[in-house]
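Please work from the sequences and hints to get the whole structure.
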Amino acid sequence: MVTRRPTTRGWLALVVLGTLASSHASAQAPSPTEYQVQAAYLSHFGSFVEWPAPRRSQSTFTLCVLGADPFGPVLESAVSDRTVDGRPMMARRISQPRDAESCHILFISASEEPRLDRILGDLADSSTLTVSNMPRFTVRGGMLQFVVVGNNVRFEINETRALGASLVLSSQLLRLAVAVRRGDD
Amino acid sequence: MSRTLTWANVLVSGIALFLACAAFVVYSVVTFRDMVVRDLSVQAQIIGTNSISAIVFDDAIAAGSTLSALAAAPNVVTAGVYLPDGTAFATYRTGPGDSAATPGLRPDEDERSWFDGGYVHLARAVFLEGEPVAVVFIQSDLRQVNVLLIRYLMIAMAVLVGSLAAALLISSRFRRSVTGPIIGLAETAQIISREKDYAVRAEPAETEDEVAVLVRAFNEMLDHIQGRDEELAEARERLDLSLRSAGIGTWHLDLVRARFLMDDYSHPLFGLPPGTSVRRLEDFIGLVHPDDREETKRRLRDSLAGDAPFGMEFRVLRGEPNEARILSSRGKVYKNREGAAVAMTGVCWDITELKRTERAVRVLNEELEHRVEARTQELEAANNELQAFTYSVAHDLRAPLRHIHGFSRMLMEEYGAEMDDGARGYLEDILQGTQRMGRLIDDLLALGRVGRQDLSLQLTGLGSLVAETLESARQEAQGRNIEWKINDLPFVMCDPGLIRQVFTNLFSNSVKYTGPRKHAVIEVGQVTLDGETAVYVRDNGVGFDMQYASKLFGVFQRLHRREDFEGTGVGLATVQRILLKHGGRIWAEAELDKGATFYFTLKGFGEDARPVGENETSEVLS
Numbered sequence: 272m273v274t275r276r277p278t279t280r281g282w283l284a285l286v287v288l289g290t291l292a293s294s295h296a297s298a299q300a301p302s303p304t305e306y307q308v309q310a311a312y313l314s315h316f317g318s319f320v321e322w323p324a325p326r327r328s329q330s331t332f333t334l335c336v337l338g339a340d341p342f343g344p345v346l347e348s349a350v351s352d353r354t355v356d357g358r359p360m361m362a363r364r365i366s367q368p369r370d371a372e373s374c375h376i377l378f379i380s381a382s383e384e385p386r387l388d389r390i391l392g393d394l395a396d397s398s399t400l401t402v403s404n405m406p407r408f409t410v411r412g413g414m415l416q417f418v419v420v421g422n423n424v425r426f427e428i429n430e431t432r433a434l435g436a437s438l439v440l441s442s443q444l445l446r447l448a449v450a451v452r453r454g455d456d
Numbered sequence: 181m182s183r184t185l186t187w188a189n190v191l192v193s194g195i196a197l198f199l200a201c202a203a204f205v206v207y208s209v210v211t212f213r214d215m216v217v218r219d220l221s222v223q224a225q226i227i228g229t230n231s232i233s234a235i236v237f238d239d240a241i242a243a244g245s246t247l248s249a250l251a252a253a254p255n256v257v258t259a260g261v262y263l264p265d266g267t268a269f270a271t272y273r274t275g276p277g278d279s280a281a282t283p284g285l286r287p288d289e290d291e292r293s294w295f296d297g298g299y300v301h302l303a304r305a306v307f308l309e310g311e312p313v314a315v316v317f318i319q320s321d322l323r324q325v326n327v328l329l330i331r332y333l334m335i336a337m338a339v340l341v342g343s344l345a346a347a348l349l350i351s352s353r354f355r356r357s358v359t360g361p362i363i364g365l366a367e368t369a370q371i372i373s374r375e376k377d378y379a380v381r382a383e384p385a386e387t388e389d390e391v392a393v394l395v396r397a398f399n400e401m402l403d404h405i406q407g408r409d410e411e412l413a414e415a416r417e418r419l420d421l422s423l424r425s426a427g428i429g430t431w432h433l434d435l436v437r438a439r440f441l442m443d444d445y446s447h448p449l450f451g452l453p454p455g456t457s458v459r460r461l462e463d464f465i466g467l468v469h470p471d472d473r474e475e476t477k478r479r480l481r482d483s484l485a486g487d488a489p490f491g492m493e494f495r496v497l498r499g500e501p502n503e504a505r506i507l508s509s510r511g512k513v514y515k516n517r518e519g520a521a522v523a524m525t526g527v528c529w530d531i532t533e534l535k536r537t538e539r540a541v542r543v544l545n546e547e548l549e550h551r552v553e554a555r556t557q558e559l560e561a562a563n564n565e566l567q568a569f570t571y572s573v574a575h576d577l578r579a580p581l582r583h584i585h586g587f588s589r590m591l592m593e594e595y596g597a598e599m600d601d602g603a604r605g606y607l608e609d610i611l612q613g614t615q616r617m618g619r620l621i622d623d624l625l626a627l628g629r630v631g632r633q634d635l636s637l638q639l640t641g642l643g644s645l646v647a648e649t650l651e652s653a654r655q656e657a658q659g660r661n662i663e664w665k666i667n668d669l670p671f672v673m674c675d676p677g678l679i680r681q682v683f684t685n686l687f688s689n690s691v692k693y694t695g696p697r698k699h700a701v702i703e704v705g706q707v708t709l710d711g712e713t714a715v716y717v718r719d720n721g722v723g724f725d726m727q728y729a730s731k732l733f734g735v736f737q738r739l740h741r742r743e744d745f746e747g748t749g750v751g752l753a754t755v756q757r758i759l760l761k762h763g764g765r766i767w768a769e770a771e772l773d774k775g776a777t778f779y780f781t782l783k784g785f786g787e788d789a790r791p792v793g794e795n796e797t798s799e800v801l802s
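Taken in order, these protein sequences are the chains called A and B. The first sequence stops at residue 456 when you use my numbering, and every number in between is there. The second sequence stops at residue 802 when you use my numbering, and every number in between is there.
Keep in mind that the hints are not guaranteed to be accurate.
As the list claims (entries may be wrong) - Among the chain A residues that face chain B by a calculated CB cut under 10 Å, a handful are: (1) Ala311; (2) Tyr312; (3) Ser314; (4) His315; (5) Ser318; (6) Phe319; (7) Arg364; (8) Val439; (9) Ser441; (10) Ser442; (11) Leu444; (12) Arg446; (13) Leu447.
No wet-lab data here; the hints were simulated from the structure. A quick note: this is a predicted structure, and the numbers were derived from the prediction, not measured. Positions of the beta carbon are idealized from the N, C-alpha and C atoms, including for glycine.
Set out below in structure tokens:
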């Protein structure tokens, strides 16, 4: 299957349009197409992260969204027909952190910002890659944080937190990160 | 020739080397291209793997920096990462390259490489989780390949030239030790063949190798040839000498070439001047006497067709005036492996004189036979006449003798008393004389009878004959001291009456001539002399002088005086005649005063003779 993705110029156009169309006052409020990109990125992270053995033997690769779902059907189309290590990818919406036990990747919606510390605390023992686009996510203990640089969607990485969760991040992923936090920052 | 060898060597080495180098170069080119492609493939794979994250996370700059690592490969002209739809995500360029090339990959292809326009292109799909996400495309120039190719070619050329030079060098050194002697050998062989001079020898080789062996063998062979030649020449000379001495000529018929050859010694036989050439068989036939030509041709044909050698006598006309000479000829046919006659070699010689001599001898023989017959007839006639004469004379003499004897006796009986001693003495003499004459006549008649009589042969034991004869011999020898030694005597086919006479006569003689002996010994037996059986009668009497032995058996021949020993001189003649009639003979050996031995043989001895069993010992008569 060939995924069709727009060119960089296309991004720009869409972002501009998105911004124009946006009714939100906040400059950080993402446009719907940005969430398409993020959803696509989420579906790709699985190929560049190594989970510990028990999680690897799960029959499916699960992508979960905690809190208000910003993706909608975009997430479904992002994960459809996708595999990681031969395992089919699945998307799930959950409301409680403890439901995230079987999730490989957990996107924490900006709506959960006030409860973030507790959530991260609940997830301390699980090998789940935590991703979010809320600001200061990695500072506060999140592993991967989406950032918009210029016209592109990039990400920051908190490697320490990932290693602490027994997750090994590929150098290829680290290479592309705009910032990598190591040690206690 | 040495150059041929040298260049042959060089050529062979050159071709071998060239082929090797060519194969090597071609192989290098092929593998090098493969290597270049492999290189590119590896590079593409590395770039691909390292670009996956950049592609999926849309980081063209990161992808670009990955591509820039290709700067390490100076042969790479352009490269790029392309999205599946063909658009370029990131590119790399050092030169113009072949801008027309596009990284088109078919859906089932993971990688494709092609050579075009002096460049090599490679496109490789990049996969993430089994799905193609991009295509890496690299374009490289062939400078490196070409450089290497040229380098290889130059090395190959250098090796080739160097090897050829070395081959040339070694070859010319080799020439000395191998080709030198071989060439020498070849030249020697040529000289020998051309000049037919088998005294020439090849020079021995310096080294002890196969060439030396060859040269040695060659020389030895020449030695043999020379030896053979000499033997052949000697043999030919001997043959020539023999033929010449014997006056034999040789001829040779070559059926394959239809030629007839005659040697120089044949020419005189046929009356041809020396040096005449007789080329064909027809010419030869023409030399034969016309009457003998057919026979000669027939015999030749038979001989050629069959296995028997050719041999015949034919006449030729030669000389002035034409004289018919007879020649004898013998020939031997030579056949090839299939059994067909291919040649015939023969001899012929003049037998005219021989024939003449044969004829003369034959004629003489016939003459002789006639003469002998005539003479025999004459002799027989004469003999018969003589016998008749003797017989009639003897008979005719008998009657008057009887008269004389009778009347003398009557005179003695009737008037003896009235006669005086002198008259009586005269009358005694007359009586004795008539008696003697009567005996002589009887003996003569007996002799004649023997001649006339036919033999009546029967198997007789000589022993019994002797026994009978002995009786009367003993009576005759009464009062004498005679020792008789009678040994085994054989059986034989003979006329017993006549042989009895033989024994009678011989015994009588022995008794007579042993008269002077006080103790006479008379022996009878058989003996083998020179392989033939003979019977002997031996006595120790007065013997006789062997000088006169030839006269023993003559009629009226006596070797002793009448005063000493009585006898008519006819006895032994009779005995001889009897034995001659039996096909035997009689002879005697004696020594004066020592005794005599009479031997006789019979024709039946040896065939029917059997030694008799009993052996009578001697008896002494008292």
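Status of each hint after checking the structure:
1. Ala311: holds (8 Å)
2. Tyr312: holds (6 Å)
3. Ser314: holds (9 Å)
4. His315: Cβ of A:His315 sits 4 Å from chain B, so the hint holds.
5. Ser318: holds (6 Å)
6. Phe319: holds (6 Å)
7. Arg364: Violated - the Cβ of A:Arg364 stays beyond 10 Å from chain B, reaching only about 24 Å at its closest.
8. Val439: violated (15 Å)
9. Ser441: holds (7 Å)
10. Ser442: holds (9 Å)
11. Leu444: holds (6 Å)
12. Arg446: holds (7 Å)
13. Leu447: holds (5 Å)
Of the numbered hints given earlier, the model fails hints 7 and 8; all others are met.
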